[in-house]
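Take these sequences, add in the hints, and give me the full structure.
Going down the list, the sequences are from chains R, Y, W and G.
Under the numbering used here, the first residue of the first sequence is numbered 12, with each subsequent residue one higher.
Under the numbering used here, the first residue of the second sequence is numbered 12, with each subsequent residue one higher.
Under the numbering used here, the first residue of the third sequence is numbered 12, with each subsequent residue one higher.
Under the numbering used here, the first residue of the fourth sequence is numbered 12, with each subsequent residue one higher.
No lab work stands behind these hints, which were simulated from the structure alone.
Among the hints, erroneous ones may be present.
Derived CB-CB ranges, DEER-like [to be verified]:
hint: 1; chain 1: W; residue 1: Ala145; chain 2: R; residue 2: Asp119; range: 52 to 58 Å
hint: 2; chain 1: G; residue 1: Pro25; chain 2: R; residue 2: His62; range: 17 to 23 Å
hint: 3; chain 1: G; residue 1: Asp111; chain 2: W; residue 2: Gln115; range: 40 to 46 Å
hint: 4; chain 1: W; residue 1: His59; chain 2: Y; residue 2: Glu20; range: 19 to 25 Å
hint: 5; chain 1: Y; residue 1: His62; chain 2: G; residue 2: Pro25; range: 52 to 58 Å
To list a few chain R residues with every Cβ distance to chain G over 10 Å, as calculated [claimed, not checked]:
hint: 6; residue: Ala31
hint: 7; residue: Arg65
hint: 8; residue: Pro92
hint: 9; residue: Asp111
hint: 10; residue: Ala137
The beta-carbon is built from N, C-alpha and C at its ideal position, and this holds for glycine as well.
There are 4 protein chains.
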Amino acid sequence: MIHAQRMIESHPSPAPVDAAMLAECVEACFDCARTCTACADACLGEQHPNHLARCTRLDLDCADLCGATGRILSRQTAFEPETARAVLLACARACRACGDECEQHARDMSMEHCRLCAEVCRRCEAACNNLLSAMGS
Amino acid sequence: MIHAQRMIESHPSPAPVDAAMLAECVEACFDCARTCTACADACLGEQHPNHLARCTRLDLDCADLCGATGRILSRQTAFEPETARAVLLACARACRACGDECEQHARDMSMEHCRLCAEVCRRCEAACNNLLSAMGS
Amino acid sequence: MIHAQRMIESHPSPAPVDAAMLAECVEACFDCARTCTACADACLGEQHPNHLARCTRLDLDCADLCGATGRILSRQTAFEPETARAVLLACARACRACGDECEQHARDMSMEHCRLCAEVCRRCEAACNNLLSAMGS
Amino acid sequence: MIHAQRMIESHPSPAPVDAAMLAECVEACFDCARTCTACADACLGEQHPNHLARCTRLDLDCADLCGATGRILSRQTAFEPETARAVLLACARACRACGDECEQHARDMSMEHCRLCAEVCRRCEAACNNLLSAMGS
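Here's what the structure looks like:
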């Protein structure tokens with residue numbers, strides 16, 4: 012794997028915020044998009060997917076938003092702090108909603124895919140919030 | 012074309028907000044994702060793409076965010092108003108930034124693709140703001 | 012709505028294939044991505060989503076592939092016929108699988124969202140195949 | 012990071028192909044989507060982006076296709092071998108085109124972001140081809 016930080020440091024423009032923190036957030040977004048996509052599909056494959064309809068929906072929203080956020084934060088040319096802040100706020104919120112829901116199914120139904128997904132959502136939510144703090148919003 | 016409103020009305024759950032307004036926003040998001048993707052590529056193909064680097068970047072951000080917003084708003088199962096609001100705010104902001112930039116190139120360099128793109132961004136920004144108002148935020 | 016053809020014609024590079032046919036395919040892809048996203052969510056909200064698990068999965072695949080295909084075909088700078096052909100073949104196949112599945116639920120369970128989605132998938136499959144023929148593959 | 016293989020193994024349906032090989036391909040697709048997005052933006056930020064227009068375009072295509080492929084391969088419910096094969100072929104082709112172009116800029120212009128991106132494209136192309144072989148196409 013080529014770490015996001017190496018891409019950030021090879022860019023002709025300097026990182027708009029701390030490179031390590033930015034890299035952590037970009038990687039967390041892509042990992043969360045991947046994990047939420049898999050969790051949505053695992054929920055759909057369970058015997059009673061109607062009990063997991065809310066979880067599936069939040070997984071799909073979270074995957075879409077993390078995907079867009081990861082791409083937007085991967086761009087350093089003409090960085091726009093206001094858009095970055097707004098998308099980080101939205102992403103952190105989607106991760107929180109999805110993480111809360113998954114955590115509940117991990118606890119109540121011992122769903123391992125939800126337990127793993129909750130963990131990834133928490134990490135991504137924290138990475139978004141760290142970046143927001145670093146950007147001074 | 013199957014209008015978004017027909018999909019909204021055939022869903023087993025009722026529309027979480029006014030169906031016509033929601034449909035207008037979903038369609039505006041997908042049109043904006045499509046138009047911004049094309050405008051980014053047109054900028055890249057111009058003789059001096061370095062003058063259009065900021066425009067290209069804002070086009071790509073706007074396409075990503077409109078794509079995610081259009082998908083999230085297309086879901087009515089277990090609708091989450093807080094996530095919807097946050098993503099609409101982010102999308103409206105990305106559309107504004109991109110619309111402003113494109114408008115400038117339409118005016119100063121008579122770029123037709125930027126003129127068309129600015130028009131689509133304005134419509135999408137307005138549709139997001141209308142939906143935000145209807146949702147009472 | 013700004014039609015795709017106007018964007019194609021305002022691009023500094025000429026259309027790599029017939030502009031009307033290309034525009035039809037780009038619009039069909041974005042409409043299909045939007046409609047399949049909505050159909051997946053409608054399936055999920057039905058009383059017995061387990062009967063619709065396959066349909067949901069094919070909807071999501073189709074939405075992802077149509078989204079990628081619509082973006083790739085929106086680019087005219089340094090157009091790559093080989094990649095375009097491969098992605099059109101994959102997109103036509105995903106549309107066929109999803110259209111077949113949706114058609115069956117429209118017939119057997121009178122699901123209106125599946126009926127509408129099947130119609131959009133058929134149109135997108137045809138648009139992809141038309142473009143493939145025009146490209147001489 | 013939660014490895015893709017743990018998500019695959021916690022899914023209610025068995026992996027449709029060798030789990031380790033599938034996980035490798037899913038991770039390679041998401042890493043390639045992330046790296047190509049960053050490389051496109053780095054190209055755009057260079058002093059002479061017109062020399063890199065083809066590279067930028069291939070990066071964007073590759074990012075879109077890897078993103079869609081990574082999502083489709085993350086789904087095990089009602090797995091469709093024909094769609095998987097078609098999308099893997101398209102993804103391998105996009106990775107090859109992008110890897111070739113990036114390699115050239117790494118060599119001729121010592122562009123570090125292109126060198127890193129070529130490496131990721133090669134790995135993703137190989138992972139797609141390995142999976143195609145394992146699927147018996």
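Going through the hints against the structure:
Range check, alanine 145 of chain W to aspartate 119 of chain R: about 55 Å between beta-carbon atoms, so the 52 to 58 Å window is met. Here the CB-CB span from proline 25 of chain G to histidine 62 of chain R is close to 22 Å, well matched to the stated 17 to 23 Å. Between aspartate 111 of chain G and glutamine 115 of chain W the C-beta distance comes to about 43 Å, which sits within the given range of 40 to 46 Å. For the pair histidine 59 of chain W and glutamate 20 of chain Y, the beta carbons lie near 21 Å from each other, so the given range of 19 to 25 Å is met.
For the pair histidine 62 of chain Y and proline 25 of chain G, the beta carbons lie near 54 Å from each other, so the given range of 52 to 58 Å is met. Annotated as non-interface, alanine 31 of chain R keeps its C-beta farther than 10 Å from every C-beta of chain G; the closest such distance is 15 Å. Here arginine 65 of chain R stays apart from chain G, with its beta-carbon at least about 18 Å from theirs, past the 10 Å limit. Remark: the non-interface label on proline 92 of chain R is consistent with the geometry, its nearest Cβ contact in chain G lying 16 Å away (cut-off 10 Å).
For aspartate 111 of chain R, the requirement that its beta carbon stay farther than 10 Å from each beta carbon of chain G is met, with the minimum near 18 Å. Listed as a non-interface residue, alanine 137 of chain R keeps its Cβ farther than 10 Å from every Cβ of chain G; the least gap is roughly 14 Å.
When the structure is compared with the earlier hints, no violation turns up for any of them.
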